[in-house]
Amino acid sequence: ETGVTQTPRHLVMGMTNKKSLKCEQHLGHNAMYWYKQSAKKPLELMFVYSLEERVENNSVPSRFSPECPNSSHLFLHLHTLQPEDSALYLCASSQGLIGTDTQYFGPGTRLTVL
Amino acid sequence: QKEVEQDPGPLSVPEGAIVSLNCTYSNSAFQYFMWYRQYSRKGPELLMYTYSSGNKEDGRFTAQVDKSSKYISLFIRDSQPSDSATYLCAMIAGSARQLTFGSGTQLTVLP
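Protein chains in written order, with the numbering used here: chain A, 1 to 114; chain B, 1 to 111.
Everything labelled a hint here was simulated from the structure, so no lab data went into it.
Quick reminder that beta carbons are idealized off the backbone N, C-alpha and C, glycines included.
Treat the hints loosely; a few may be bogus.
[As the list claims (entries may be wrong)] Negatives, chain B to chain A, calculated, CB over 12 Å:
id	residue
1	E3
2	P8
3	E15
4	D66
5	S69
6	D78
7	I92
8	T100
9	S103
10	G104
11	T108
[Unchecked claim] Which stretches of chain B does chain A cover? Using the computed rule of at least three CB atoms under 8 Å from a CB of chain A, they are:
id	stretch
12	19–31
13	51–60
Full structure from sequences and hints, please.
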């Protein structure tokens with residue numbers, strides 16, 4: 001398998017559930033990202049990891065908890081979410097963090113919170 | 001004021017038309033400019049990447065950057081129904097973690 005993969009592709013959860021989103025990159029990259037994409041809004045950067053260390057946390061509520069066990073895998077743990085958290089969650093990776101390092105995106109997980 | 005402004009559309013054109021997609025920005029520190037294409041139910045894929053003022057061509061696609069006016073454009077020649085997608089402009093000031101996106105323009109090319 002190549003590129004950036006995400007599982008599950010679709011997720012429906014209640015506000016009291018706990019679930020996790022998984023991202024895996026097969027590109028040998030060192031940086032990984034979580035984005036939130038809501039309808040008619042720009043992609044919002046949530047978290048950035050470089051060499052498994054979190055380097056950016058864009059004021060994301062604590063009900064979203066990222067985990068990066070190695071440079072190929074990234075998780076987003078979800079608990080007690082709100083209906084307004086329903087969105088497409090995209091994972092991306094890049095070789096590094098310099099400006100010329102292109103980000104490659106996965107297909108996303110479509111999350112619906114009931 | 002948003003850092004990056006992009007007309008959301010939707011934009012509908014006949015097959016074969018020339019399409020012009022545009023973004024304006026306010027942060028003069030932006031150095032690198034990208035266009036991503038996002039098909040329905042897919043993640044964004046990089047289409048064009050440029051870092052200097054002027055034009056860059058790749059097949060039917062031309063990216064144009066005017067740093068003095070803080071304006072970037074993507075032109076699609078001989079548009080095809082397969083070009084129907086949402087086009088996102090994006091730009092970076094320094095670090096790749098500071099990638100800032102426009103809200104996207106939804107394009108439909110009618111056969």
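Comparing the hints with the structure gives:
Not every CB of chain A is more than 12 Å from the CB of B/E3 (nearest about 9 Å), against its label as outside the interface. The non-interface label for B/P8 is inconsistent with chain A: the shortest C-beta to C-beta separation is roughly 6 Å, within 12 Å. Every CB of chain A lies more than 12 Å from the CB of B/E15, the least distance being 26 Å, so the non-interface label holds. With a least CB separation of 19 Å from chain A, B/D66 remains clear of the 12 Å interface cut-off, as annotated.
No Cβ of chain A comes within 12 Å of the Cβ of B/S69; the nearest lies about 21 Å off, and the non-interface call holds. Every CB of chain A lies more than 12 Å from the CB of B/D78, the least distance being 26 Å, so the non-interface label holds. Against the 12 Å criterion, B/I92 falls within the reach of chain A, whose nearest CB is about 5 Å from its own CB. With a closest Cβ-Cβ approach of about 8 Å to chain A, B/T100 is found to fall inside the 12 Å limit, against its non-interface label.
A beta-carbon of chain A comes within 12 Å of the beta-carbon of B/S103; the shortest separation is about 5 Å. The claim that B/G104 is not at the interface with chain A is violated, since a C-beta of that chain comes within 12 Å of its own (minimum 8 Å). A cut-off of 12 Å between C-beta atoms confirms that B/T108 is not in contact with chain A; the least separation is 16 Å. Restraint check on the stretch 19–31 of chain B versus chain A: 1 residues with Cβ-Cβ distances below 8 Å, three needed, restraint violated.
With 1 residues bearing a CB less than 8 Å from a CB of chain A, the stretch 51–60 of chain B misses the requirement of three and the coverage assertion fails.
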